[in-house]
Amino acid sequence: MNIDQTIVTIVSLLGIGFTYWFFLAKKDNKVKVSGSVDIIVDGGYSPEVISIPKGKTTQITFLRKDPTACLEEVILGDFKIKRQLPLNKRVTIDISPTKIGEFTYSCSMGMYHGKIIVE
Amino acid sequence: MEQNKKTFSIKGMHCASCVGIIEGSLKKVDGVSEVIVNLATEKATIVYDGTKVTDEKLSSAVSNVGYQALINEEIKTEDEEQKEKQKELRSLRTKVIISLILGGLILWGAFPGLMKTAPMILQNFWVQLLLATPVQFWAGFAFYRAAISAIKHRTANMDTLVVIGTTVAYGYSVFVTIFPQIVTKIGIEPMPYFDTTAIIIGLILLGRYFEAKAKAGTSEAIKKLIGLQAKTARVLRDNKEIDIPINEVIIGDIIRVRPGEKIPVDGIIVLGESSIDESMITGESMPIDKTSGDTVVGATMNKTGTFTFKATKIGQETMLAQIIKLVQEAQGSKAPIQRLADLVSSYFVPVVIMLAILTFAIWYIFGPTPTLLFAILNTVAVLIIACPCAMGLATPTAIMVGTGKGAEHGILIKDAESLEIAHKINTIIFDKTGTLTKGKPEVTDIIPIDKSVSSDELLKLAGSIEQGSEHSLAEAIVKEAENKKLVLSKVEKFQAIPGHGVEGIIGGKRIVFGNKRLMDKENININNALNEISEMENNGKTVMMIGTNNKLVGLIAVADIIKESAQEGLIALQKLGIEVVMITGDNQRTAKAIGQKLGITRILAEVLPDQKEIEVRKIQAEGKVVAMVGDGINDAPALAAADVGIAMGTGTDVAIEAADITLINKDLRSVAAAIVLSKKTMRTIRLNLFWAFGYNVILIPVAMGALYPLFHILLSPIFASVAMATSSISVVGNSLLLKKKKIV
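Heads up: the sequence lines are chains A and B, in that order. No gaps in the numbering here: position 93 of the first sequence is 93 in the working numbering, and each next residue is one more. No gaps in the numbering here: position 200 of the second sequence is 200 in the working numbering, and each next residue is one more.
Treat the hints with care, as some may be off.
[Said to hold, decoys possible] Chain A stretches covered by chain B per the calculated footprint, using a threshold of three residues with CB under 8 Å from any CB of chain B: (1) 17 to 27; (2) 66 to 75; (3) 81 to 95; (4) 105 to 114.
Hints listed in this document are in silico derivations from the structure and should not be mistaken for laboratory results. None of these values were measured; they are calculated from a predicted model. Just so you know, even glycine gets a beta-carbon here, dropped at the ideal spot from N, CA and C.
Please construct the entire structure, taking both the sequences and the accompanying hints into account.
And the structure:
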């Protein structure tokens, strides 16, 4: 193997490892919420993972700052909620979960994900 | 002075005194001349001087007294949203056109064979760089912005792939343009790929443009439903007719509706009669005649007569609002089949990036010369061809079209899961009374035994004596007599004999009316009518006998009538290969008679209401996927126990809560239609998922060069972008095709 091929091999392996680490091995930063929370929609949802109590109503306010078309709708399928998120406008939804568990939500194409953990 | 009028919602009102408090506070705002606060609609309407009054002043006036004003909400923002969308679409179109024109020019000057016909200037690499740069960074700006903000969250998406792919190609081309001698030195002909980058961006944007247009079509059903809403109502207040906006109508308002007008809210007709077209709500195409005491539904169309009605449901309580809410919820719910696609799409993009890096390494190390060029082009092709969007769109778009189509036919589906399970149903249990039958007994036969009495006279006699009775059979007889416009006689010494019937004196003659036991008790011989009696009883009818002077005068039979749509509805189900079961509290004989008429062989008779749920579970235990069809009120536990509970549209909250599917048209043919809809929706979803997965699973390896060793086939990045753009459009398009499918 030539020197350039060796370099390409090493860099490629590093690149694959880095991609895995960067996108797939990240830890969820869980934010514990009581009452209400603001979620900023900008290249994803932040905070991305929230935990809310079972049996109580939590107000989630989405504020979309990212004009990407994909993000213009948020779908919380487990709670049967689909909302349009107009740019730079606050949209509040109330959820009162009755079941414990982890529920993911996403944009309309399922490209961006967030998670609600009911505890 | 600039007079303006404005209506806005107020949150936190709970009693009539709130109205006074808010009105007082708003009136104090300088420039406000008139205030009306409506408790029922929770809205305030003000007339004000636009030069003095600001939204902030109004909202602080309301919040100062402890409430919240929602000024400039809903309708206006929806309009703005629409405009914003239109603007976005227009700008997208401009970008598409410019990118494709510039891309086309570069292609002309760079494509082998074509380039000979192109002007020299287009063949100049620096000119190509000049043309490609605006496409890359102006038209492609949205990709960069989305990719960068996603990277900040350590997520990757469609845009990330496009950005990496086109940037690699663009970067290489710039390098070639600036340092052609270096490229030549390592054995590669110095050829930039500006045409590729520009055309890829143009085509992907074109795909997005079509996709956005098609996606708008999937939510058409909801828009249509919202559009059904009447804007104003003609209300009688203080003996005057005034036109007011629909959100100012309060419960108890008397509203006049003239021919050709839309009924604004739900209510009960007070005066007048008319024929009403309810097709927009129930899907029932025949207009229905209604008169005082009948309910009318908001958003339906008054055809011929003029009438006044009392508003009983307004705002979010109306049937239309409930339907809209239900459909919106269903469209926002998740079908179980989607979970796999969700899981795959969350790992998809990072995996594709890793595959792209792998592709580069393999081609660089093992590929033919010039290895660098092959490595770059194939990497770009992999990045560009991968299309996670198609997977994400496959299920939700079909669910949206499916639930919307259902709503148009009077079939309300509670959630995507119900729609998905419905296609597996192989057994349907029908509740008899009120579902297969009308639930209200009607007179079916009037047979004079004493030939000197006509059937009208017999009915008149029976009707007269039953006037005072509260029995449900009596109601049927009296109603029939009224229908025939018979004048009923006065009854003296009326007496009900429990378990037997009634007796009384009419015109001096003692009349008895009741069952066989009563005749026995009265020593009336019924032998000459035994044949008729048993024949009618075998047909599931209840036979009552009239006697006077110890003689049988005649027979009147009453039965619960089978609904017109039952026969056809059941045939449609049998055609689908679904077993039909009837469940009823009636005795075996009556149940059998009805079952025979409808061709139902499996009959569960003498089942008490609270036992229905157990019967449903028993059939489920046979391994069947069971749907239960009932009226939703006393069947709620059975509806909930079934795999799919189908309620016949009472529109009550109980029914909608307990049922997975509500048939607001009350048409039994819709049961089969709902199942057909489910089957067709699932077929669309499966086809979508097959395309979306198959596309990625097959074409990503091809882009990596899997076919090269055997067939020397490689995918050009431009072709990759065409395939990518087509794939998500084809998924949305396939979902839209569902609209055209027939379900009844």
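Comparing the hints with the structure gives:
Requiring three or more residues with a Cβ within less than 8 Å of a Cβ of chain B, the coverage given for the region 17 to 27 of chain A holds, as 6 such residues are present. By the rule of at least three residues with a Cβ nearer than 8 Å to a Cβ of chain B, the coverage given for the region 66 to 75 of chain A holds, with 6 such residues. Counting residues of the region 81 to 95 of chain A whose beta-carbon sits less than 8 Å from any beta-carbon of chain B gives 7, enough to reach three: the coverage restraint holds. Closer than 8 Å: that is the beta-carbon criterion, and the region 105 to 114 of chain A has 7 residues meeting it against chain B, so the requirement of 3 holds.
The structure meets every hint from the earlier list without exception.
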